[in-house]
Amino acid sequence: MKGKTHHPRPGEDVATLSGGLTRRDLMQRAGVLGLAAAFTGLGGIEALQAAGFDMKKYAGTKINILMTGDENDHRALADMAPKFAEETGMELEITSPALGALIEKTLQNLKAEKSSFDLIEYLGFLTTQQVGGGYYEQLNAYIDDPAKTPPDWDFNDIIPAALKNVGIFDMASGAVGKGKDIYGIPGLHSGSVIYFYRKDLFDAAGLQPAKTWDEFKAAAQKLHTDDVAGCSFIGANDFSLAAVDWYTRFITTGGALMTGSAKEKNFKPQVNSKEGIAALQMLIDLLPYAPKNVTKYGFAENVDGFSTGKIAQMIFWSTIAGPILNSENSMVADKTGTTPVPSGDGKSPRAIQGGWGVGIPKNIDPAKKDAAWLALTWITNKAVNRYSIEKYNIDANRSSAFNDPELVAKFPYLKDALTAIETADTIPTSLIPEFFQLNDVMNVEFNAALIGTQDAKTACEKVQTQWEAILRKAGHLA
Amino acid sequence: MSPGVETSMGLAVPAARTKFVFGKRDEPGRAIWLLLGPCLLYLIVFSIYPLFHSLRLSLTDLTAATGTGNFVGLANYRALLSDPQFWNAARNSAIMVVCSVTLQVVLGVALAMFFNLQLRGAWIVRGILLLPMLMTPIVVGVMWRALLNPDWGLVNWAIRHVGLTPPDWLGSIGMSMVTVILVDTWQWTPFVFIIVFARLQALSQDVFEAAQVDGAGPFVTFRRITLPMLMPAIVFAGVFRAVDAFRSFDLIYGLSYGGPARSTTTLSFFSFQNGFQFQNYGYAAAVAYMMLLILAVGTTVMLKYVQIRPGDTR
Chain H
1 MKGKTHHPRP
11 GEDVATLSGG
21 LTRRDLMQRA
31 GVLGLAAAFT
41 GLGGIEALQA
51 AGFDMKKYAG
61 TKINILMTGD
71 ENDHRALADM
81 APKFAEETGM
91 ELEITSPALG
101 ALIEKTLQNL
111 KAEKSSFDLI
121 EYLGFLTTQQ
131 VGGGYYEQLN
141 AYIDDPAKTP
151 PDWDFNDIIP
161 AALKNVGIFD
171 MASGAVGKGK
181 DIYGIPGLHS
191 GSVIYFYRKD
201 LFDAAGLQPA
211 KTWDEFKAAA
221 QKLHTDDVAG
231 CSFIGANDFS
241 LAAVDWYTRF
251 ITTGGALMTG
261 SAKEKNFKPQ
271 VNSKEGIAAL
281 QMLIDLLPYA
291 PKNVTKYGFA
301 ENVDGFSTGK
311 IAQMIFWSTI
321 AGPILNSENS
331 MVADKTGTTP
341 VPSGDGKSPR
351 AIQGGWGVGI
361 PKNIDPAKKD
371 AAWLALTWIT
381 NKAVNRYSIE
391 KYNIDANRSS
401 AFNDPELVAK
411 FPYLKDALTA
421 IETADTIPTS
431 LIPEFFQLND
441 VMNVEFNAAL
451 IGTQDAKTAC
461 EKVQTQWEAI
471 LRKAGHLA
Chain S
1 MSPGVETSMG
11 LAVPAARTKF
21 VFGKRDEPGR
31 AIWLLLGPCL
41 LYLIVFSIYP
51 LFHSLRLSLT
61 DLTAATGTGN
71 FVGLANYRAL
81 LSDPQFWNAA
91 RNSAIMVVCS
101 VTLQVVLGVA
111 LAMFFNLQLR
121 GAWIVRGILL
131 LPMLMTPIVV
141 GVMWRALLNP
151 DWGLVNWAIR
161 HVGLTPPDWL
171 GSIGMSMVTV
181 ILVDTWQWTP
191 FVFIIVFARL
201 QALSQDVFEA
211 AQVDGAGPFV
221 TFRRITLPML
231 MPAIVFAGVF
241 RAVDAFRSFD
251 LIYGLSYGGP
261 ARSTTTLSFF
271 SFQNGFQFQN
281 YGYAAAVAYM
291 MLLILAVGTT
301 VMLKYVQIRP
311 GDTR
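Sequences listed follow chains H and S, in order.
The opening residue of the first sequence carries number 1 in our numbering; numbering runs sequentially from there.
The opening residue of the second sequence carries number 1 in our numbering; numbering runs sequentially from there.
Just chain S, with the same shape it has in the complex (with noise of 0.2 Å):
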């Protein structure tokens, strides 16, 4: 029984000096591995075992035929590299990531500055606004892929109506590409804006007066004080999507199966198909590697040079 004071009811209650309500006192670390337990297991089965493994599965040749993976060391890193179907999906990953990510900040900024004029009736376009961000991206891909049908969809439909000819938006080689960054854009400008918005709606009236007293004009406003004070918010949109799109599968499952003609296979697709179409599920798993390297350099390096806050000269 651990030491303690006597009650009058006879219950031993801790001494003032016991620290941990699970463990003996002279036993912290009982306590802390009771409480961090469940978190490292998890984290163990969860995370840490799969990484491994899928490491440890790059380093194999093991298809579906095979059964057993033999070890190749870097054998499939080496293949990727002169792979052009990689090379292909690296690149049209990169203008996906450099092209939607630009134009939902974009978006999303002026959208946050629009919203920020308080005009009546706001809330309710911002509350229809945010509706994309909520649907699963394979419903968003499926469902504009019927949009954008060629024979039946709506939106060729309406663009017809008019008078016009709709492009082939997802048949041709050029278009596709344009046509999965303008769906992903319509998804993920509501993220960006929400996030802005709510930095925007938290800065400090004060220095907007201040400059106003200055005869400061609206755009020198919006460069030399707005801008840098949201930078914080743009940044964190703008890595957290960059990520994300760089990830992208599920849209571009749904929208265009990755083609026509691979032009719009990405490294995740690429990877999907390698995996689960076929079965070359070392070389999956080295495509998904290379992906976690890619991710990791590259928000480094964004991290590292892009300002975040003013004067930050980091």
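Only chain H is shown next, with the shape it has when bound in the complex (with noise of 0.2 Å):
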């Protein structure tokens, strides 16, 4: 099915018109002609024209792209599909599985004898896993190479911490990020994590924002009241629980999650350093401050909470900036502020790197691949990325879409967002394959210690224990 993912959305509208388009897919396809019209004015494909490049050089080519299903990513593209098969002539065809199942899915294409899929979109923390095992092609001649590549892609214009993040890796070394090879383009989005605050409450309070993580508390207990929680975070046995908000206390306290390297096999992790027993501690003292149940809390149930008015403050993934900033989604988008998160006293605020790149899979039809490149810097293209921000609130890639003035005064986080990802930290253990694992047993031990059945040495203690035996198992720790 053209321009159209397998797997319809929990929920989705499948109401059919007549003529089989949904009512889903006549608004979206309103709205992208809507854009296009936009764009053909700005230029767009008769400029290209003009410049001697010929974006339908491989009309006729049907593109398959393996992608999340878990984000907004695959909705913005299928949405675009149209514009895509009437400026390339091309076909896209988008298949998005949720994690679990795209992982397996793109390993197993990655070393089949062929793949099925032209472009693979895989998540920055697997970059190592992926990109290292050697299974992408190489992009740079295609980036340097003015035959392949349309004059206005503009390179230089992608965030280069995002870049870093999923895109350059030194095969020699095994490192992400060092080096000029480039074997992925970071998309569809990238990400870091903000911090939401109520201005309405904190300019009541007399407040400012948060700097620091004890100005942090001292909101916290100066807003907290029983319908307002004055703080919240991750408390349940959720990915987020250790990625977002102890692992921002703990590297902008002073704390390095690792130490040596997987190949030197030294990888030691230092969870119950004294930083990191402070910072659980911190989300502990946090708990009289914060909604009742936060124990349970995840992603939904924080925006749901902050959207609804029943939290002050927060930091978290700056992807949910849009439903929290969109009147038609929330009750405080005119009464919330973000600013980058807090730090430690004399530390600079940072936060984990998150994201996704987009590659081409060696082992493609060779006749393909110059037909993929093509694919793949249309679907990171200017438009492309404007246009995730401005119907899904996607943290796009690109520096120009940040910077856009009609979008940032539409989405003042903007701004908070790009230098949120500009100053982000690739997590030390995304480097090898056990990442998730690792990740896990991180949050069953953290989440207990929030439900109090242990303190927060205890727990360090316990997570320590359990990464040295899982690190050793798999031989980065000898």
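Keep in mind the hints are simulated off the structure, nothing from the lab.
Worth double-checking, as some hints may not be accurate.
In silico EDC-like pairs for lysine to aspartate or glutamate, Cα to Cα no more than 20 Å straight-line [what the hints assert, rightly or not]: (1) H:Lys473 to S:Asp83; (2) H:Lys111 to S:Asp61; (3) H:Lys462 to S:Asp83; (4) H:Lys310 to S:Asp151.
From the two separate chains plus the hints, produce the assembled complex.
Now the structure itself:
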């Protein structure tokens, strides 16, 4: 099915209108047509043709892309697929399973004699596993070749931190972000963590948004009422408990998660360091000022809680800014402010680097590689980036989109989101394939500490012991 | 051409002793293969091959990282036996099976006895009662998670409305397994009920009338006559439910996601996590085979020692 995903989402409107279009399709395509008209006005395809670049040189080719179905990326791309077909003459087939199935399907294809997918979107946390495995085509030659890359694609516009996180890889040392070899293009979104706070409540209490964790706690204490929690965080056994709330506090107070390297077999965790224990203790100390059921709060509960005005402040993935600042979804859209995350005294604000990359598997039909590259440049171009932000509030990966005056006026959080991405930290455990297993151990033990069955020190010691066992078994720690 | 009798229209009909429609008279094997072949092929492709493939997988160290699994013999099984998380999952599975099946059998039999009274309008209630088991467990899990939501769940609202404090259904280590068992019981008690009720309806009334003539009271009748006669149905429902509860995955996935602190992580969920979250395929396959082993032994023991028929002394 051209330009459609295989998986309708729960709750998706599937009412079919005449002509076989769903109501959702119709609305989406109408939106895309409007945008297309705007782009044509700016020059778009005509400008490229005038510059002598033939966007339709691979017309008739079908490009299969495997990408995440857990985010909004596939929706944005499905919306844009008709325009892709119009401008390139190619057809885009989108397959978008959930993360677990995506990883399995990706690995099957990368290791097969021939990949069924011409483009694959991979999670930044898996760059080492997937790019480091040598499965993706090196892209430098494509980027540098004006005959293959549209002149308006503007490689330099891509946020360097996002490119380092998912695109640049040094095969010799197995290091992400080192050297100049490029194997993937950031897409379709990047992202990190920013600080959300209720401007009205802070103003009324004479408070400034917290710059340090002490100020964060003090504000939580002061703002906490029966109706509004002074703060919130991911307290449930959820990926983001460790990745967002603990890790941000940990690295902004001087913590370093690992020492040594997996290659040298001395990759040693530092979860039970004083910074590690203190970061967890900070969360435990916030429990009296958090929602009563915060130990069951995952992603959705926090977004719902903040949007309905029940939370005064929290740090969170910048990707939620869209729904929270959109008055159609949020009761506090015009009362919410954002800034970079707080930090320890004298430390810089920074958080974990999120995001995805897109690459061309080496094992696709050689005759399709140039077409796949052209498709890759199209889906990561400025127009798609802009559309992704505007329609779905996806944290895209181009400076131009984050700095677009019209978008910034509409979504002021973009400035902070861009800063967060530019300063974000690639979590060291993402450099080894056991990343998700390590993260799970942390979430289970930290959640148990928040529930009250163990203290912060015990939880961190338990994580340390289990991590060391996992790392030893995998051969990363002698 | 096969030997036969020529008719007046020149058509040959099979001789009277021809046994096989599809094969020649002297080649019965061909017909048998034609009839059984598709079934055998189906079994080989979809059951036997995956079973052997996963067994082979459980003897390798295949992970997403290595890509090619090396043969490691029984190393995964040895690692399992010394893995506290495996024993935690095994314990949770055992608790879930024992508690939920016991509850379901007791409630299912009680409901069957009640509906056997043939009260007016009972068929309507009986129909409604069966609805939960028609739902997919993942939907049941998600639905109950919403109903039990501590902030806006309907159940908690109702409990608070009558002035009580709702328990921390899915947030406390002690309560979460109880919640999983209760939801499983809500969904599957109707299954036990319908099996036992069908058996109850089929029992001969002569025995009960004779008991009545002999002066047996309701309790004695139930204990000495009804229950023994229902035993085959109860054992069938119990074993079926035990196997199903032991494999339970989707309810856990939708309701508690194995938490908090792995308090509801069953063996199925543990296998899923290792296979599909951590990509430790060899280890996950070993967990699945351990489950198969436990199930095979458990079912055999259960069927051997539980008295199925009155007077059966196996």
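Consistency of the hints with the structure:
no.: 1; hint: H:Lys473 to S:Asp83; verdict: holds, 12 Å
no.: 2; hint: H:Lys111 to S:Asp61; verdict: holds, 17 Å
no.: 3; hint: H:Lys462 to S:Asp83; verdict: holds, 14 Å
no.: 4; hint: H:Lys310 to S:Asp151; verdict: holds, 11 Å
Checked against the numbered hints above, the structure breaks none of them.
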